[in-house]
Structures are given as structure tokens and as C-alpha cells.
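Q: What follows is each chain in one-letter form.
Number of protein chains: 2
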Amino acid sequence: MNDFTYYNPTKIEFGRGKENNIGEYIKQAGIETVLLVYGSDRIKKNGLYDRVTASLKKQGIGYEELGGIVSNPVLSSVYIGITIAKEKKLQAVLGVGGGSVADEAKAIAAGAKYEGDVWDFFINKAQITQALPVFTVMTLAATASEMNGNSVILNEDTKQKYSIGSVLVNPVVSVINPELMATVGKDYLAYSAVDIIAHSIEVYFTATAHPNFNSRIVESIIKSVMETTEILLENPNDYDARAEFAWVATQALNGLTPTGTAGGSFPNHMIEHSLSALYNVAHGAGLAIVIPAWMKWYKTKNLKQFKRFAQEIFGVENEDVGIEKLEKWFAKIGAPITLAEANIPREGIEELAINASGLAKVWGMGDSYSKDIIAEILEKA
Amino acid sequence: MNDFTYYNPTKIEFGRGKENNIGEYIKQAGIETVLLVYGSDRIKKNGLYDRVTASLKKQGIGYEELGGIVSNPVLSSVYIGITIAKEKKLQAVLGVGGGSVADEAKAIAAGAKYEGDVWDFFINKAQITQALPVFTVMTLAATASEMNGNSVILNEDTKQKYSIGSVLVNPVVSVINPELMATVGKDYLAYSAVDIIAHSIEVYFTATAHPNFNSRIVESIIKSVMETTEILLENPNDYDARAEFAWVATQALNGLTPTGTAGGSFPNHMIEHSLSALYNVAHGAGLAIVIPAWMKWYKTKNLKQFKRFAQEIFGVENEDVGIEKLEKWFAKIGAPITLAEANIPREGIEELAINASGLAKVWGMGDSYSKDIIAEILEKA
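Each protein sequence line maps, in turn, to chains R and E. Sequential numbering of the first sequence, starting at 1, is according to the numbering used here. Sequential numbering of the second sequence, starting at 1, is according to the numbering used here.
One thing to keep in mind: the hints can contain errors.
It does not matter which identical chain is meant; a pair holds if it fits inside one copy or across any two.
Stated by the list, open to error - Straight-line alpha carbon distances no greater than 30 angstroms define the calculated DSS-like cross-link-like pairs of lysine-lysine that follow:
1. 125 with 301
2. 223 with 301
3. 304 with 223
4. 223 with 88
5. 88 with 307
6. 27 with 125
7. 223 with 299
8. 159 with 371
9. 88 with 301
10. 27 with 113
11. 307 with 223
Simulated from the structure, these hints should not be mistaken for lab results. All of these numbers come straight from a predicted model, not from anything done at the bench.
Bound-form chain R, shown alone (with noise of 0.2 angstroms):
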């Protein structure tokens, strides 16, 4: 077992209503003014920009507003963010959507104390030491942003979709009423299913010394996923499906599963990355793609954990089937497992590969992953 610093300071305030009283989470804290971050208008029609709003103002805390964060969300309007915070004097970031709501808002907590660029922090050239706090209300499952330091911003001038990683944007207090995620639609159900197995299984696989520990648990949260994912598909009011979802997608990513293990990595995501960035698939569409090809690419590396996989979680003895059968449970609740499906042509794949290739050097995979390797594993797509 190797040795490890297991730090996650983030309070979570789970179950219904409790976005009422975000307003007391952050008075509690000692803050008076915030910079609320949100994605579309759809929580304007739903009622829970009102109540979150109401819990601020009950509580005397100002607020100024940066609204439609999209998917993938991007530096530009982390910019905006950064520029309203430091002009209005914001003492914290309230993001209240899905991941990427919240990503930008951390990304903008850390920008908004650092007089440089913000991109600095991703391309690894200053490292973060101080950030705005930040707070979230979350209204998707699958990312675990609610409880990590983890930013991923995408560079539209450079088509790069880089993180950061840093406990002082780790989210103060985080709400997760899985009420909130109900209205889910059944393809952004199955993305995020896909998101949260991947988060799982990327140490799982990769790392050269993996506590057993450590895989009963990744195996109880793809257990957990697959189980729930299907009552949601069938019944999308089941609030405890729902709420164990919700739980478990937090658990997937909020750094207890790589814990004591050694030299882990998440080749992925990195290759997803580039689908993302380029063809603006959704992130869970995408890793649906990638995982499957990087998997029979891979499974040879790891020959043992592979087997231990599908024995674990399909009850079959031969990891070729373990994939298969993984492959298919992701057809089976609507996601892509091809490149055709999300519209990449085969043509594509040089360029998804080059790019994927840049930020495999930017994460330390350089060696394992050359364009030439990434390029193999997309064809499997």
C-alpha cells in the first residue's frame, strides 16, 4: 500500500429542501456577498433560482449573477466570472447546476484571487494558493465536482479541455437534494451512469498495486450504479434510486477509491477529452466510446484485475466477456459505444488523436499514450 494525504473538508447537506438553506450554509461560513453561477434558464422556470435567491436574501447575503454556463463550459466566460468577481469584491462562488456549473465556478474562485491568467493553473505553469470559497447546489449526478477539487474548462481558442486539481476549490458546503435531479432526461441519465463507472474503474484498472479494499469499493459503486440506473430508466420517481445514485456518484470521485494505490491514471478521460473538445459530444457519450476500445486495448496489462472485473460484477470467469457485457449494459441504457454513433468520422480520429496526445504529455502519459497508441484505441471505436 502506498502512502497518501486523505483531505476532503467539503460538508455535504443531503436530501430534500435543503437548497433553502444555502443561504445559512454560507452565513455560517462568514460570508456576505457572493457571484451565483448557473447554466441555463431552466432553474428560473422551475422554481430554483427563486428559492435559492430567497435563502440568500433571508440571510443578507448580496449577490450578482453569471448565468448560461454550458456543458463543457468554457475560459471565456470563466473570464467574465473572474472580472465580476474582482470588480464587485465577491468573497465567495455559489454555483448552482450540474458539473460543469460547477467546475466554472471553481475555476473561477481561483482565478478571481490570482492576478494572472486563470490558464495558467490548467497548463501547469502557476499553481494555485489561495481561491474565493466556493458553494454549490447541485442538479445532476455524476461528476462528483459537489465534492472535489477538480476544474475542467475548455480553451475555445486552443481546443484544449484541461484541469485543475486543488483542495482550496474543493466546495465548502455542497447540496445535494437528488429532488433536484428528477427532471433528468433519460440520455443525460445513462451519460452520467457511464461518467460514474469511469471515474471508478480508471485507478481500478491502471494502478500497479491496488488494495482489495480499494476494488470491493469501486466494485460496490458499479454494483450500486448499474443497479439504480436501471429502477431510474424504468421508474424516474424512485427518490431512494435516486438519492443512492446521487450518493454514490460523489463516493465514485471524491478521492477514497484511489486511496493507498500506486501509479494510477485516467487514459479515459484524457482520450474523451478530445471527443468532447472537438466534436462537443457530451462527456458521459463520449466515455461510453472510449471505454469499451480502451479496454480490450488494455486489458492485457492488467490481466488479473480484468478477470477479477468481470467476475465481480458480471459473475462470468473470462474478461473478453466482462468488456462485452460492460459494453453492452451501456447500449442498453442509450449510450454510444462507437465513434459513428456520435457522428466522429473515421477520418477524425488522427486529429482526436493528436489532440488527446497534447494533453496526455500535460498529465504525465506521454510515454504510455503517443498519438500512435491513442489513434489504435480510437479504431477499436
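For chain R, the structure is supplied; the task is to place chain E on it using the hints.
A: Structure of chain E alone, referenced to chain R:
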């Protein structure tokens, strides 16, 4: 799924030699003086005391000492620690030892910032509103005291072994170096294993609602505890098994397992506290005696979960066989499973039941666990 708040701000520094950085961790928190709390002189003989104090000195952190903490730590010693902390105006408490030392460090930390009698917190006469920051260097894995806000203290005068729980006494930083745990004897290893399993199954069996994900986490913990205990009984120097055992112990009682469950309680701990209060039995040994007896008495109240336990942990269908297999496993690793083995006479049951029923009231289980019911359970042991 029930609403919950999850908040665990303890930073874990896990791995070899990390006790040598304890001064640095304390300094980073802006602290200049600590009360150093420890148990026997063993840490002076094995060099741990020297390494810890060297680290404090290197960072210019002043310290006073309180040694001689016993297992089932006593209130009279807590009072001494509080007096030292108040008189010397110390800024934090550093516990170096096992769960008992950590528990006493927390009680001192709470009492040092309180004008009244610290026992008020234990009998619910007052709430903890502030406390000195707590740090720990752990030498024994079992209680998870390194990552929770719990402290159990024995009032020698009243023979009450009662507890507090407050995030204000969660350690700021805890060092878990599995190498420091390698010298524990086989008996205490067995007791620790039982204690970890006890922490895991209390809510697992008693919650009126228990999400599948939580069941899976608990089963993962139990499987890993059993697996690593058997490895360590064969080879106490297996670092990876020691490390996994330690980390699993932490996960078993850091607040993760009960999230979203409804109505769970800790009857086995409640009954066991009377065994260790009246007969000074080691906590884990007492639990090994109580658990199988309690399971036989309780099983019909949650038959589905007892069947699940039998299936998942031992691969058998019948719930009675599951209980029997757990009991046999306790015996196999060298834990006592009857009152007689712990030299507790049948005539002692009456007094034990009276003592435990007192705690049942404090813990809000007075209605379910009368003196007679507790006696009925203990008769099975």
C-alpha cells in the same frame, strides 16, 4: 434514503515515517504549544516518543506532557490533562497512542475550553461549543478515533463508560503509520478486528432503512478485515495487510457507513461498555462476547439483512449459519465468545444489565433495551 449531513474535515497522513512530520503538520495549523498525551512508557522504549518530540522541537513547538493513559481511559486523568492545558494555556492536544489515547486527547480538548465539568458533555447536560484542536499519531488500528469526533471515557466513581461525539474534536491531522502498529500482540489484533466488525454491523443490522450501497461498503470492510487479520496472524510483518487493516478500520467509523440510513443504533457497544466498565475487559474482547449473543436475539427483527450477511460474508443461505460462522471466526482468531472465558460469572449478569440499561437511556435506546432484555441477551453468552 434519509437526509444527512456528512462532514469529516480530518486530514489523514498515511504511511511510513509520517510521525516525523507531526511538528510540521501542527505548525501549519498555526499552533505553537501542545499537550502531549500518551499511554505507557512503551513509546519511550521504542523510539516513537523521541521521534515525535524531535519533530515538535524542530518546528519550535513547546509541549507539556501527560503520560500513563490507560485502555478504557478514565475521567480522573482527563481532569489532570484539562488542568495542565488550562494552566499552561496550551493551544492544542496531541495524542500519541491507540484509540484510548486519542479519546482522552479529545475529552481534554473539549474540557480545556469549558468552564464547567467536562463530564457534563458525556451525560448530555451540556453541548460542546468549542475545543482545542486535536492531533493524533496512532499506534493501534480499531476505533477510528483518528477520523471521528467520538470519545469514550470511564467515570471511575460512577462506573459509567459514556461517550461524546462532536466534529469540534475531530482530529485536525491524524498520522497513520502502519509500521507503528506492527508490534501489537495477536490478542489485541484479534480484539481490534472484532471492534472494526462491530462498528460495521451495528447500523447495518439495526437501521430501519439501509441503502444497498451502504450494505456493500460494510461488507467490503468486513471482508477486508477478515482477510487481512488472517494474513497478519500468520505474518505480523506483512506491511500491505497491516496498512489495509488500518485504513479499513478508519473507514468503519468515520461517518461514511451510516450515511442515508434510518434509525440505526449501537446496541452491542452499549452492552459491551458495561463489561469493560465493571470487569475491565478489553473493548474488542467484550464485543466478541456480546455480538453473537445479540445477533441470536435480534435476528428476527431484520431477517432479510441477516440472510444477506450470511450470503455475502460466508456464502451461506441460512442466517443462523452466518451467525455461527462469525462466532467461530472470532474464536479462531483468539477472541473470547462467552462470559466465562472472560471470567465473568453468571451472577454478574444482573449488575451488567443494570449498568448497560443506564447507558441505554442516555443513548436513547431505553425503550428497546430494558434491564431484563439486556440480561436475556447476556444469558446467551
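Q: Since the copies are identical, ignore which copy is meant and state whether residue 307 and residue 223 lie within 30 angstroms (CA to CA) inside a copy, between copies, both or neither.
A: This pair counts as both: shortest intra-copy Cα distance 16 angstroms, inter-copy 19 angstroms.
Q: Give the relationship of residue 125 and residue 301 under a CA distance limit of 30 angstroms: within one copy only, between copies only, both, or neither.
A: For residue 125 and residue 301, the Cα distance exceeds 30 angstroms both inside one copy (33 angstroms) and across copies (60 angstroms).
Q: Could you place residue 159 and residue 371 in one of the four classes (within, between, both, neither) given a Cα distance threshold of 30 angstroms?
A: Classified as within; 16 angstroms inside a copy, 70 angstroms across copies.
Q: Treating 30 angstroms as the Cα threshold, decide for residue 88 and residue 301: within, between, both or neither.
A: neither (53 angstroms within a copy, 59 angstroms between copies)
Q: Give the relationship of residue 304 and residue 223 under a CA distance limit of 30 angstroms: within one copy only, between copies only, both, or neither.
A: For residue 304 and residue 223, the Cα distance is within 30 angstroms both inside one copy (19 angstroms) and across copies (19 angstroms).
Q: For the identical chains here, do residue 223 and residue 299 meet the 30 angstroms Cα criterion within one copy, between copies, both, or neither?
A: Cα proximity of residue 223 and residue 299: in one copy and across copies (21 angstroms, 26 angstroms).
Q: If the cut is 30 angstroms between Cα atoms, do residue 223 and residue 301 qualify within a copy, between copies, both or neither?
A: both (24 angstroms within a copy, 27 angstroms between copies)
Q: One pair to classify: residue 88 and residue 307, alpha carbons no more than 30 angstroms apart. Within, between, both, or neither?
A: neither (56 angstroms within a copy, 60 angstroms between copies)
Q: Since the copies are identical, ignore which copy is meant and state whether residue 223 and residue 88 lie within 30 angstroms (CA to CA) inside a copy, between copies, both or neither.
A: neither (46 angstroms within a copy, 54 angstroms between copies)
Q: Regarding residue 27 and residue 113, is the shortest C-alpha distance of 30 angstroms or less found within a copy, between copies, in both, or in neither?
A: Answer is both: 21 angstroms inside a copy and 24 angstroms across each meet the 30 angstroms cutoff.
Q: Is it within, between, both, or neither for residue 27 and residue 125, if the alpha carbons may be no more than 30 angstroms apart?
A: between (34 angstroms within a copy, 28 angstroms between copies)
Of the numbered hints listed earlier, those contradicted by the structure are 1, 4, 5 and 9.
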